Every structure is written in C-alpha cells, then in structure tokens.
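Asker: Protein chains in written order, with numbering that gives the first Met the number 0: chain A, 0 to 366; chain B, 0 to 295.
Honestly, the hints are just simulated from the structure, not real lab data.
What you are looking at is a predicted structure, and each value in this text was computed from that prediction instead of being measured.
Please note: incorrect hints may appear among the correct ones.
[To be verified] One-sided and incomplete, this derived list gives chain A residues near chain B with beta-carbon spacing under 10 Å:
| no. | residue |
| --- | --- |
| 1 | 50 |
| 2 | 102 |
| 3 | 274 |
| 4 | 277 |
| 5 | 315 |
| 6 | 338 |
[To be verified] Listed below are the simulated DSSO-like cross-link pairs for lysine-lysine, each with C-alpha atoms no more than 30 Å apart in a straight line:
| no. | chain 1 | residue 1 | chain 2 | residue 2 |
| --- | --- | --- | --- | --- |
| 7 | A | 133 | A | 169 |
| 8 | A | 288 | A | 170 |
| 9 | A | 105 | A | 125 |
| 10 | A | 133 | B | 37 |
| 11 | A | 133 | A | 105 |
| 12 | B | 37 | A | 105 |
Don't be surprised by glycine CBs; every beta carbon is placed ideally from N, CA and C.
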Amino acid sequence: MTADTPVISTRDLSKQFGDYVAVDHLSLDVRAGEIFVILGGSGCGKTTLLRMLAGLEQPDTGRIFIDGRDVTDTPPYERPVNMMFQSYALFPHMSVSDNVAYGLRKEGLPRATIRDRVREMLGLVKLEGLEGRKPGQLSGGQRQRVALARALVKRPRVLLLDEPLAALDKKLREHTQFELSNLQDQLGVSFVVVTHDQEEAMTLASRIAVMDQGRFVQVGSPQEVYEYPATRFVAEFVGSTTLFAGIVRESGPEGVVIVCEGIESALPGPPSAALQAGASALIAVRPEKIQLSKERPEAAAGRVILQGIVQDLAYYGGRSVYRVRLPGGQMVSVSAQNRIRAAERTLEWDEAVFLSWARESAVVLQG
Amino acid sequence: MSRSQGVNGQRLFRAVTSGLPTLWLCVFFLAPFALVLKISLADPVIGQPPFTPLIDATGSLHLTFDNYRLVFGDSLFLASYLGSLRIAALASLICLLVGYPMAYAIARTPQPWRTLLLLLVMLPFWSSFLLRIYAWMGMLSTHGAFNTALLTLGWIERPLALMYNDFAVYLGIVYTYLPFMVLPLYAVLEKQDPDLREAAEDLGATPWRVFMDITLPLSLPGIIAGLMLVFIPAVGEYVIPTLLGGLDTRMIGRALFDEFFVNRDWPLASAVATVLLLVVVLPVMIFQRGRGGAHP
Numbered sequence: 000m001t002a003d004t005p006v007i008s009t010r011d012l013s014k015q016f017g018d019y020v021a022v023d024h025l026s027l028d029v030r031a032g033e034i035f036v037i038l039g040g041s042g043c044g045k046t047t048l049l050r051m052l053a054g055l056e057q058p059d060t061g062r063i064f065i066d067g068r069d070v071t072d073t074p075p076y077e078r079p080v081n082m083m084f085q086s087y088a089l090f091p092h093m094s095v096s097d098n099v100a101y102g103l104r105k106e107g108l109p110r111a112t113i114r115d116r117v118r119e120m121l122g123l124v125k126l127e128g129l130e131g132r133k134p135g136q137l138s139g140g141q142r143q144r145v146a147l148a149r150a151l152v153k154r155p156r157v158l159l160l161d162e163p164l165a166a167l168d169k170k171l172r173e174h175t176q177f178e179l180s181n182l183q184d185q186l187g188v189s190f191v192v193v194t195h196d197q198e199e200a201m202t203l204a205s206r207i208a209v210m211d212q213g214r215f216v217q218v219g220s221p222q223e224v225y226e227y228p229a230t231r232f233v234a235e236f237v238g239s240t241t242l243f244a245g246i247v248r249e250s251g252p253e254g255v256v257i258v259c260e261g262i263e264s265a266l267p268g269p270p271s272a273a274l275q276a277g278a279s280a281l282i283a284v285r286p287e288k289i290q291l292s293k294e295r296p297e298a299a300a301g302r303v304i305l306q307g308i309v310q311d312l313a314y315y316g317g318r319s320v321y322r323v324r325l326p327g328g329q330m331v332s333v334s335a336q337n338r339i340r341a342a343e344r345t346l347e348w349d350e351a352v353f354l355s356w357a358r359e360s361a362v363v364l365q366g
Numbered sequence: 000m001s002r003s004q005g006v007n008g009q010r011l012f013r014a015v016t017s018g019l020p021t022l023w024l025c026v027f028f029l030a031p032f033a034l035v036l037k038i039s040l041a042d043p044v045i046g047q048p049p050f051t052p053l054i055d056a057t058g059s060l061h062l063t064f065d066n067y068r069l070v071f072g073d074s075l076f077l078a079s080y081l082g083s084l085r086i087a088a089l090a091s092l093i094c095l096l097v098g099y100p101m102a103y104a105i106a107r108t109p110q111p112w113r114t115l116l117l118l119l120v121m122l123p124f125w126s127s128f129l130l131r132i133y134a135w136m137g138m139l140s141t142h143g144a145f146n147t148a149l150l151t152l153g154w155i156e157r158p159l160a161l162m163y164n165d166f167a168v169y170l171g172i173v174y175t176y177l178p179f180m181v182l183p184l185y186a187v188l189e190k191q192d193p194d195l196r197e198a199a200e201d202l203g204a205t206p207w208r209v210f211m212d213i214t215l216p217l218s219l220p221g222i223i224a225g226l227m228l229v230f231i232p233a234v235g236e237y238v239i240p241t242l243l244g245g246l247d248t249r250m251i252g253r254a255l256f257d258e259f260f261v262n263r264d265w266p267l268a269s270a271v272a273t274v275l276l277l278v279v280v281l282p283v284m285i286f287q288r289g290r291g292g293a294h295p
C-alpha cells in the first residue's frame, strides 16, 4: 500500500434488482482524508452503491477494495468501514453510551479502553451528560450525533453516511454541516456521503460525484461541477440554470457561436472541441452570471445582450430571483443580490429589462 | 351550540369506549366469578341447587371455609395444581422454541407468500378443536397412522405407546396453542426495523450476535405475550389431558370437572376454581407489575 493508494475503490461494480439496474459498471476511488459526496436523485442507485461499500449488499459483478485489499467477499462485520444510516438505526433498548460502545464491545476491547474511547467520542460530538439516556428520550439532532459517534468510535478507514442531514430541520442542518466537516478534519477519516441535496453536497464535499441511472455523470470539485457541468443533467441537477438549445454556426479556438430558435442574435460561448459547426448544442447560463438592467448595457466584445420582460419575481431577502421572458418565449432565470432595500427596488413585474452576461461565464454542452 | 355538541359527543365517545370493556368484564367475568366465589363458601347438600344458600331460612349469613381447607389439605389437588403448572410452563416453552423460528421465517418472507403462511398458521382454527384432538387420537393410537407407518417401514417391532401419557398431552397443547405463540411473535418481528440489524452487523456483530443483541431483546414483548397466551389457557386445560392423557396425568382441569360433574360437589369445585384463578392470575399480575416498574 502506497501513500496514494485509494482508501476505498471499486472497479466495474454492478448491481441489478430484477429489471432495474441500480449500479451500472461503476468505478470510483476515494482518497485518504477526503469527503467524497455522491449526489443524485432518488432511484439513481446511490444508496445501493453505499450499501455495497458497507457489505450490506452483494454486487452482481465488480470488485471493492479497501486500502488496496479486495473486500468484495468480506462480510460487513469484518470490513473496516462503518455506516451512519439515514434512519440513524439507534438501538432503542440501549442507552446512549451502550449504543456508542456496541461496536467496540464486538471488537472485544478491554473495558477500560472502551470506556475511555466512548467518553472521548461523546465529548467530541458534545453529548456529555446524556450517556444514560435512551434514544427515545433524545431530540433529532442529538440522535444524529449518537449515530455519528457510534459509527466513528471504531475509527473506521471510511465512514459511509446515508443522507446524514436529511432528518434535521434547516437551521440545525447548516450548523451540523460545518460540524461534520470539522470532525472529519480532526479525525482524518475519509467520508463517503450520499445525498440528494445539492447544497449539502456543495458545502461538505471535497469532491462530488453526480450520479444518474447507476453511473457517475461527472466527478469533480464542487466548483468544477457547478461552474463546468459536463452534461445537461449535471447543469440542471446541480443548481439552477437556463438552457438555450440551438445549432452550432461556428466553432473555433476563440469560442463557439450558436444559433437558437426564437432568439434574434446568435449566442456566443466558450470554445468546445467536441462541437463542430452544424451540431446541436446547448448554452447553459447560471442565474447569478446574468446582469439585469433597465438601460441597454454598453456593447463589448464577447458580451451577450438580450432584451426581455420580467414575468415573475421572488424575493428571498438577501437576493431576488427574476424570471424574464424573451420575445421568442424562452424563460431565463436571473438572480440578483438585493444591495439596496426592497422598497427602493427598481425592477417590477412586466417591466422591460436587458439581460447581459460574459461569453466565458456560459457553458456549452452537447445537445 | 355545535361546539358544545361536539364536546358532548366526545365525552359520549369516551364513555362508550372505556365503558364497554368494563361492562363486558363485569357481565362476563366479575359476575360469574362472584357466583363461583359465593358457592365456594357454601356447604354441599343433596338437592337443587346442590349447595346451601348464602343467607339461610333464619336470615343469618352462612359462610364456611371447609372447601378451601379440603383443597389445600388434599395432596391430590396439590399434585394437580403443580402438574398443571408444570405441563403448562413446559408446553409454553416448547411453543416458544417451535414458534419463534416459525414467526421469524414468516416475518422475513416476501409479501405474497407471507400472507399465505400466516393464513396457514391460522387455518386449524377453521375446524373444530375437539375434532382435531380426536384426529390426533386416531394418529397416535396403537394402530394409528404413526405406528402403522413405522411398523410398515420396519423401524419398530411393536407399536409405541404414543397416547395416554404426558407426551401426548404436551403434543396436544403445543399443537393447539402454537398459533397463539406465533402471532404475537410475528407481530413484533415484522415491525422490527431491518436497519437495526444491519447497523449491528456493520458495527462488527456476527449474525448470531445480531440475533442475541438486537432481534431477541427487541422481541421480548412478543415473547411475553405469546407465553401468557399459551400458559394461561393451558393451565386450566381439560379436554386435552382427558382425551390424550393417561390416568396419572394430573391436571387441575380434570380434577375440577370430576368435582363438578362426577361428585356433584359444587362448593368444593368452586373452591378449586377460585384457587386456580389465584394461582394463574397472581403470578401474572406480579410479573406485569415488575415489568411495569422496570420500563417506565
């Protein structure tokens, strides 16, 4: 095992339930100390993948390696990974400290060691004083931390987390996100997190894998996945985006130009080697990359300027989201920071506005 | 107006839902029990009814504890009580040992089959209990199905004594009451969250440890319910020991029947019945209290 041996990896992993292909010839490598987040909608196979890593599900084909050792046929109770269940799965008949001690007892460690490690772990997740409580006497946030402590106390090579924050309310979720990252930093354990919540994925991940129909569509840092989505699915699933569909007119080193139906001027985009003239293509623009103005902005090289009418606006306090209708009927969503107070807001419903963005801030995708 | 009607309706609903079971208990349990208690304190007489009235012709109260003295003084009754408790306790345990794997397997079976298996467990209830015990007699007798089969196969040389002994009584009780064990066990096992077992396995527990640490302790309420549902009726069982048991199979149900219908000593029989109730109900009540204290 060398320093850059992945902590956990899979090769060509597949799992099928009847006709439904949950995981489709999937390979992944999780490096030491990283938070690898698998992001996907329900039914994309992410939970099945996690369960196979834990050993709770047997793959149809493919191998799983932990520290380079093949563990495909190793039962869950002998794998150096632990899982935090979405339901937390706390043992209702055991106290908090018995829940946390359970895994250590199964290892047959001496009593004193178990006591010390349980105390240390409960301190780490800030559960001192609740040792004697039963899970039924805890709040949702406390239960989540017991589940986390129980899975971490065994010092696994990899901690698997299935929708770790889904059962918490929004405030607690934001708080816990940072706590999870801190904890991971302190312990140096690799995390593999499965979630359908892209915000959760963004804040937690060192790398995100976007999963669809049993495959990884894109793997990269949160910035890469957000700023440079590889496919239409990623662009739409991660954050919101406006897509303009059209045909490539020019494709060169300075960029592509795409003719879209219903839009008078051709839209320029950054260069794309994969797209030749005549191919169908998409231009994706994130809402915050677009500027809104009442006056026509000054034309500049590589600047896209379109005109539209405010169809809808939603006020979120810190920012507002506008839905602007172009003359051809296409809807564009634009988000803008509310730097001045809403009472002094200048844009209203049914008002004519100009949209503009820099050519480089758009993404060109295959149609 | 409509609000007060709603409140009244609610009150009525509460009165009916809590009142009905109480009424049921009074009419079908407490009143008959009071009658039995009254008769147990009377003297037997030859006549109709075969016991002395509570208040005699002179208007004075007539109470006697002679019957209880008889019950506790007679070693035959004592042996019958102990025999009943022993047979009922052992039969309940056998039911548990047989019923637990059954309930466990049914709870793990995928759906269309699970309903079918449950139906099969309950199927015997669709025919008469007495008929089924007679069927067992047919199978267990000297020239019954089992002995014939074993003789034909040459596995035995002479018929086995399968009937008119304690073995047949255990068999009959386990056979009859097994569904009462399986159903409550199935109910708790089916409700158990599979995540709990997987979590234990993930934390390093072998399948056997998962069963001992998680599945078994969490099914305790079902085990207790099943044991009581088998034990309580089995203690007072009359038909099975009478039809399948030997002369030396002492069970209190038989003693009770003999006092009532053979000796026609209703007061003594009533005393036996009252003591039986105490023997069964008191331990159960103490047990429930203890449990209630342990799990707030």
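Asker: Work down the list of hints and note, for each, if the structure agrees.
Answerer: Here's how the hints hold up against the structure:
Interface restraint check: residue 50 of chain A against chain B, minimum CB-CB distance 8 Å, threshold 10 Å, status holds. With a cut of 10 Å, the hint placing residue 102 of chain A at the interface with chain B holds, because the nearest CB-to-CB distance is about 4 Å. At about 47 Å, the closest approach between the beta carbon of residue 274 of chain A and any beta carbon in chain B exceeds 10 Å, and the interface hint on this residue is violated. The interface hint given for residue 277 of chain A is violated, since its Cβ lies 53 Å from the closest Cβ of chain B, which is over the 10 Å cut-off.
Nearest Cβ of chain B to the Cβ of residue 315 of chain A: about 36 Å, over the 10 Å cut. The hint is violated. The criterion of a C-beta within 10 Å of any C-beta in chain B is not met by residue 338 of chain A, whose closest approach is roughly 48 Å, and the hint is violated. About 25 Å separates the Cα atoms of residue 133 of chain A and residue 169 of chain A, which keeps this hinted pair within 30 Å; it holds. The suggested pairing of residue 288 of chain A with residue 170 of chain A holds, with an alpha-carbon distance near 28 Å, which does not exceed 30 Å.
Between residue 105 of chain A and residue 125 of chain A the alpha-carbon distance is near 24 Å, which keeps this suggested pair within the 30 Å criterion. With a CA separation close to 49 Å, the supplied pair residue 133 of chain A and residue 37 of chain B exceeds the 30 Å bound. Under the criterion of a C-alpha separation no larger than 30 Å, the hint pairing residue 133 of chain A with residue 105 of chain A is consistent with the structure, at around 20 Å. Taken as a hint, the residue 37 of chain B and residue 105 of chain A pair is broken in the structure, with Cα atoms around 60 Å apart against an allowance of 30 Å.
The structure fails to meet hints 3, 4, 5, 6, 10 and 12 from the earlier list, while all remaining hints are met.
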